[in-house]
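Chemist: Protein sequences, first through last, are from chains A and B.
Sequential numbering of the first sequence, starting at 0, is according to numbering that gives the first Met the number 0.
Sequential numbering of the second sequence, starting at 0, is according to numbering that gives the first Met the number 0.
Just so you know, these hints were derived from the structure itself, not from any lab.
Owing to the predicted nature of the structure, the values given are computational and were not obtained by experimental measurement.
Warning: the hint list may mix true and false statements.
[As the list claims (entries may be wrong)] Chain B regions said to be covered by chain A (calculated; three or more residues, Cβ under 8 Å):
no. : segment
1   : 55-62
2   : 310-322
3   : 410-422
Idealized CB from N, CA, C, for every residue including glycine.
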Amino acid sequence: MSKSNKNKKPADYTGNRISLARMQAGQRGRIVEINGGQGLVRRLEAIGIREGREIKKISKQWMRGPVLLQHGSSQVALGFGMASKVLVEIIRED
Amino acid sequence: MKIFLMGNPNVGKSAVFNRLTGVDVVVSNYPGTTVEFTKGSLKTKEQDYELIDMPGTYTLEPTNKAEQIALEVLKSRKDSDVVINVVEATNLERSLNLTLQLLNERVPVIVALNFWDETKHKGIIIDIEKLENILKVPCIPICAVTSWGVNRLVGRIKEAKPSRFQYDKQGRWHEIGNIIDQVQTITHRHHTLLERLSDASVKPLTALPIAVAVLFFAFKLIRFIGEGIIGYVCEPLFENLWSPLMMELSSFLGSEGFIHNLIIGRLVDGQVDYGNSFGLLTTGLFVPLGAVLPYVFAFYLVLSFLEDFGYLPRLAIMTDTLMHRLGLHGLAIVPMLLGLGCNVPGVLSTRILETRRERFISITILSIGVPCAALQAMVVGLVGRHGMASLGIVYATLFLVWLILGVLMNLTVKGKSPEIFIEIPPYRIPYLRGLSKKIWIRIKWFIKEAVPFVLLGVLIVNLLYTLGIIQFVGRIAAPVVTIVLGLPQEAIGALLVGFLRKDVAVGMLIPLELTAKQLVIASVVLAMYFPCVATFTTIVKELGFVDMAKSAGIMIVSSLVVGGLLNLILV
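If we strip away everything but chain A, and leave its shape as in the complex, we get (with noise of 0.2 Å):
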């Protein structure tokens, strides 16, 4: 379950966590925390979207578009403001 925010903090900076939606389209990462209200946190949750779930960004859209991702055999389209609250760690490729 996810920690509800109470600290402000932009939710791009974060050390080495970067939001879905600022991550590269190809590049992998594993879910660490779910910015969001319980309603974003249940929805997410309901498909298989949860902290350590590890996911791949297959694309994004121009002008703050949907971003699609692939966790396990789905792919799931998200919008850009669902996409920010999702904090991921980037898995690097070897």
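Following the hints, complete the assembly by docking chain B onto the known chain A.
Modeler: Using the frame of chain A, we list chain B on its own:
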């Protein structure tokens, strides 16, 4: 006894439903195809069941209205009722979340693993026996579109029972991970062609050219097929076979008089003229079957293929940014595309949008700016004679109205519009049988809905003329129709009948011999000013009377403004 079909969105519940009941419901490759509960019956040797196809749900801890309703239905079931949990074999991990929740409710469950054929291509191996032992309910691999395994599924319904499977509710995903580790192996494999194509259709650099190409070819193909069928099948059939028959009937009825004119219509140069005669058996049959049906068929052929292939959700990603300007998100492209066939299914499918605001905006701009296939077929036939430029103006105007109105409504309508959140299914090669069945369902629906209304429309046209009502209303409405829109008084007849059927209304313009400019204005106004009666009643059902009235106000005002502007601008 009842059987509920439950499962995640787009796992093929409706395909299973079709196989089990023989009732035909529309199946597509995107989440949210089923927006209503559909009921059917299943007879086995032992027992008769009532089967209920439910909209897709990810979880029993509801995150939206559809899931809320699904949960309520589940809670109100009797103890003997059974749930068939349809899961995607290629996506077992995600699917098991709902399965485990269902088991926890102590509902008698039977698990159907659909898309079993796809697991082989994808290098996924699932140990069914082990899965059954863990879940302690029957698990049956099936492929719903080909019926493979469906008989075995039916045979084991009686084995459904509440599971004794126990797990820690807080650690559900952990438990799912354990199960997956035990029952599933994934072998390494290369990307398939379809997967490469899938990636290309969502990456900005390649996605835009693909979208343009797909829409261009779709449009070309629809025109080619539609015109081909009209030119080589419908017109020859009507001219060579039906016309002589009508001429016989005409002379039998005495070549004139009220009854003759009602059934055959007025003869032009002593001959039946399907555009001008306006009799029940001439124009009344030619419009829906000879002029419109070929385009409806061509449209649904192309749309159904794109749906089953899985292109629509990718188009939704592409159009999301644009749709945001209209207070909607990308998925709203689905009702708009369906609306190009007929506005009624378009309006119904706005249920895939979550909030009332989105539905109000999308329904309003859909019924103003998205012309149905019947209207388009007639407009293309009539306006197209004056060249592609005139036709282009009609389409460009409607698109601009759709866009501007959407932007304005986004700025003024209160409420929230959530972001897009949708699973993107893999591309799938459509099965010919499923595809042709779906097209047939839609064609049958069109004939059943359209033909009676067209005939009623033609009947009313005749009565209105005979009783002098059109002439009378024409004189009253003359200032608006002639001064603002620049149309002849008689065009009011088309606007009156347009409420019944817009294709008949365009047909009424033929005898008026309008100029190209007048035809453009009349077509645009007819498309915009008000929905036809079938769409109207659907909107009232979906939005309620008050919002329909608001929506209608927007339609009438904007059609007069746009029609008036065109009258000023065009030469």
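Chemist: Quick check: which numbered hints come out false for this structure?
Modeler: Per hint list: zero violations.
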